[in-house]
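From first to last, the protein sequence lines stand for chains A and B.
So the first sequence is numbered by this note's numbering: it starts at 735 and just counts up by one.
So the second sequence is numbered by this note's numbering: it starts at 12 and just counts up by one.
What the hints contain is simulated information worked out from the structure, not anything from laboratory work.
Please read these numbers as outputs of a predicted model, since none were measured by experiment.
Some clues are possibly wrong.
Some but not every residue of chain A turned toward chain B, in silico, with C-beta under 8 Å [as the list claims (entries may be wrong)]:
1. Lys752
2. Tyr754
3. Gly756
4. Ser757
5. Asp829
6. Ser836
7. Leu862
8. Phe864
9. Asp867
10. Glu886
11. Ala890
12. Ile1028
13. Leu1062
14. Pro1063
15. Ala1097
16. Met1101
Simulated coverage check for chain B against chain A, where a stretch passes if three residues somewhere in it have a Cβ under 8 Å from a Cβ of chain A [what the hints assert, rightly or not]:
17. 44-58
18. 289-303
19. 331-344
20. 372-380
21. 397-410
Where a beta carbon is used, it is the ideal one built from N, C-alpha and C, also for glycine.
If you want the building blocks of each chain, they are given just below.
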Amino acid sequence: MKPLATVLRRSEAIEAFKSYGGSIAAVFPIHYPRALLRAFHFLPVEVWGPPGVDTSYGAAHLQPYICSVVRNALSFILSGGLDAADLFVVPHACDSLQGLGSILTDLIPSRRPVIPIYLPRGRRESDLHFLADEFRSVYRRLEMITGRSPTEEELAACIQHEEAADALLAELHHNRRSLPLTEGEFYRFIRSREYLPVETFAELAGEVLNASSPTEMTHARGDDGRVPIILSGIVPEPMALLDAISQMGGAVAADDLACCGRRLYPIGTSEDPFRRMAERLIYALPDPTRGNPIEERLAHLGQLVETSNAKGVVFYGVKFCEPELFYLPILGRELMAAGIPSLTVEVDINDPLPHQVLTRMEAFLEMIR
Amino acid sequence: MSIGGTLWYHWNVNLVGPAALRWARWRGERRARSGAGWKSEVLTPPLRISPRTKELVGRHYLKGRHANLHGKVAWVTSGAPLEFLTALDYYVLYPENHAAICGTVRVVEEIASEAENAGYSRDICSYARTDIGGVLSGKTPVGRLPRPDLLLACTNICQTVLHWYQVLAHHFQVPLILIDTPFVYSEVADHAVAFVKRQLEEAIPVAERVAGKSLDSERLEEVVRLSKAASELWMELLERCQHRPAPISVFDQFIHMGPIVEMRGDRGTVDFYAAMLEEVDKRIHSGVGAVKNERKRMLWDNLPIWYRMRYLAEFLGQHGIVVAASTYTNAWGELNHLIDPARPIESMARTYIYPILNRGTGDKLATMRRMIDKYHLNGVILHSDRSCKPYSVGQMGQRERLIKDAGVPALLLEADHNDPRAFSEQQVANRLSAFVEMLEV
């Protein structure tokens, strides 16, 4: 499909943005205020691992019981993979990312500033108030780093762009079955939101949505007779997973992935830009790393299953990820009680897709067909 | 509460139980005086106050066993601000302490496997698995744990507790109060302190509603005052280890830290630590050390390895090594200056945001270096604790800095604070032997 052919790779997007005088903020998972960074002319480029790096660099600083997302991220930095970054942003998603932020601040000398962001674990007024203040504090740090002071209007304009792009992203998710994209293509495209400038992504998303047609969908995805499932977890790495699901006769009907479906942020309502950015994150879909209760997650998963007609849920976990691991027994049990079968598999994102995982998924798809 | 329930509670908690515990204490003290039963060539017998520790902790769990008959029960995380709950007369239970007891009496494997069989991964914290396993099976070495009416999770020790308490809240279907303490990467931000204060203010009405009574501000001040006094005494006790030989080791500190963790707003805790301090001072005056032939002094970083404390104390003691200080036990005393009974909520907000586990890796390194000087230490043992990521992440860099920048020998010891299945005795022995050889003792 034409728009997909024009999607830049991460390194190309970085190079292109820098060539116009912009700066790069390497951002670690999961939630952060994109608009705030863009207001200071930083392009946020997210770092979810990545897979396939030499982990010996990270292994010199992190114990083997730290998850591969964090270990790979540190390895990537130390091996020069993020040399193009001018700034590191480390949102607080878990104890391991907290450690990464702290190590980068204190123990590993770097010429680049590190901005940690604490995300509160609730949806109370006090959480909202704090997060808005936290973003104000980040604003002041960025002011000091860049010497720029974007006005409230400039910030509001950036927020508006991000909200519009997120609305398109949500539309892509919603209409995924009528898009002329294979499973792998769909996820590669929506994950380009992790690094493309918002304008570029919005333009491409519009083109993809315009090209949607039920006929093409059937042709490209071969959805006839495929078993629709919900994919839940942190990140669908290695990405070969998605094509493997297709080949096994499955189709991802919707997802509850931290890097994808859990980041379909609502539009903010406040006139205050900092509070508005906080609202978008606080009131986003349930995510264990933001402390949302099990009941909310269950309700959300149930709704995803219902609206997408999925036949089951696959919990695709990253080894050692406590925020996910704690809830799996209850989620699995309660889903089963509601007549929704589920499967839990675990991977290390640096390893090739284990055959054992594929066999289990194939058996699961066969069982729920 | 029924009349029968009240009578049963008083019969067990105020009459029969205490009498049995006093009897056990008397027997323990007699044995301690005679020195009978102590078999170590290198370690001094335990403090004579040890039977009283057992009595105090035993009494706490005895109350807990019958607490549902008497009043409201709160389960709280170990670093949580419990003072307002104590002032509201909650019986306060610390699942982490209970899990540590399970660790010391070596029943973790049996209890945690109940959680693992229910689907909880062995990659999650072993305290959590022990607690969840106990909840699911009812297994506990303390007889019975009371059902909570309220849960209080404070993220100042880790994010794990939030996930763990979400599981408990779902299981028990009771309110969960969250005190979220933003991590302190370098300096505490004013808006973070304001956030914690606001949450404390919001938590009180919830706790009042569950307790069915209002918080008395004078009572809260009194509890905070006792909490501060206990914390000061605890710190004094630790500071006595600046003496050579160190009168107690961190293994003694670990054994006697139960009251400061879970009973810190009680008058009994203050009295207990005052008595312990007296005994420790007597040891100092008599020149008695925890290790009989002290030659080198170590710092311990991270939680204890509850199920192998005696083994480690003996192993190190044989080489004349005393572990005289620990960042972990230090955490329960180092912030006492921040507590202000006249401004309980505000000072609690500032205190509870700042424990070592909620501070950055650089701050922890600085704390270690300060302690090395203060306690005249020759090396550091960093327990890389599989179950405690916030304490352990950064240790590899900290070790390197200690060795390169401060010239202090440091060892990273892989284990788990509560799960013996993650402890390889031979591997630990090899690493400790090599470390000891390097120290030239």
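Results of checking the hints against the structure:
Given the 8 Å rule on beta carbons, the hint for Lys752 of chain A is violated: about 28 Å separates it from the nearest Cβ of chain B. Given hint, Tyr754 of chain A at the interface with chain B, is violated; its Cβ is 32 Å from that chain's nearest Cβ, farther than 8 Å. Using the Cβ-Cβ criterion of 8 Å, the hint placing Gly756 of chain A at the interface with chain B is not satisfied: the shortest such distance is roughly 26 Å. Because the beta carbon of Ser757 of chain A sits about 22 Å from the nearest beta carbon in chain B, more than 8 Å, this interface hint is broken.
The beta carbon of Asp829 of chain A is positioned within 8 Å of a beta carbon in chain B (closest approach about 4 Å), and the interface hint is therefore held. For Ser836 of chain A, the interface hint holds, since its Cβ comes within 8 Å of a Cβ in chain B; the closest pair sits about 4 Å apart. Because the closest C-beta pair between Leu862 of chain A and chain B is about 11 Å apart, greater than 8 Å, the hint is violated. About 4 Å separates the beta-carbon of Phe864 of chain A from the nearest beta-carbon of chain B, less than 8 Å, and the hint is met.
Proximity of Asp867 of chain A to chain B holds as hinted, the smallest CB-CB distance being about 4 Å (cut-off 8 Å). A hinted interface residue such as Glu886 of chain A counts as satisfied when its beta carbon comes closer than 8 Å to some beta carbon of chain B; here the least separation is about 19 Å, so the hint is violated. Residue-level restraint check for Ala890 of chain A is violated (minimum Cβ-Cβ distance to chain B is 22 Å; threshold 8 Å). Because the beta carbon of Ile1028 of chain A sits about 5 Å from the nearest beta carbon in chain B, less than 8 Å, this interface hint is met.
A cut of 8 Å between beta carbons decides the hint on Leu1062 of chain A: the least distance to chain B is about 6 Å, and the hint holds. At its closest, the beta carbon of Pro1063 of chain A sits 3 Å from a beta carbon of chain B; the interface hint therefore holds under the 8 Å criterion. For the restraint placing Ala1097 of chain A at the interface with chain B, the shortest Cβ-Cβ distance is roughly 18 Å, beyond the 8 Å limit, so the hint is violated. Residue-level restraint check for Met1101 of chain A is violated (minimum Cβ-Cβ distance to chain B is 18 Å; threshold 8 Å).
Given a C-beta distance limit of less than 8 Å, the hint that chain A covers the stretch 44-58 of chain B is violated, as 0 residues qualify and 3 are needed. With 0 residues carrying a beta carbon less than 8 Å from a beta carbon of chain A, the stretch 289-303 of chain B misses the three-residue requirement, and the given coverage is violated. Check on the stretch 331-344 of chain B: 0 of its residues sit with their Cβ under 8 Å from a Cβ of chain A, so the three-residue criterion for coverage is violated. Counting residues of the stretch 372-380 of chain B whose C-beta sits closer than 8 Å to any C-beta of chain A gives 4, which meets the bar of three, so the coverage hint holds.
With a cut-off of 8 Å between beta carbons, the stretch 397-410 of chain B has 10 residues touching chain A; three or more are needed, and the interface restraint holds.
Hint compliance for this structure: hints 1, 2, 3, 4, 7, 10, 11, 15, 16, 17, 18, 19 are not met, and every other hint is.
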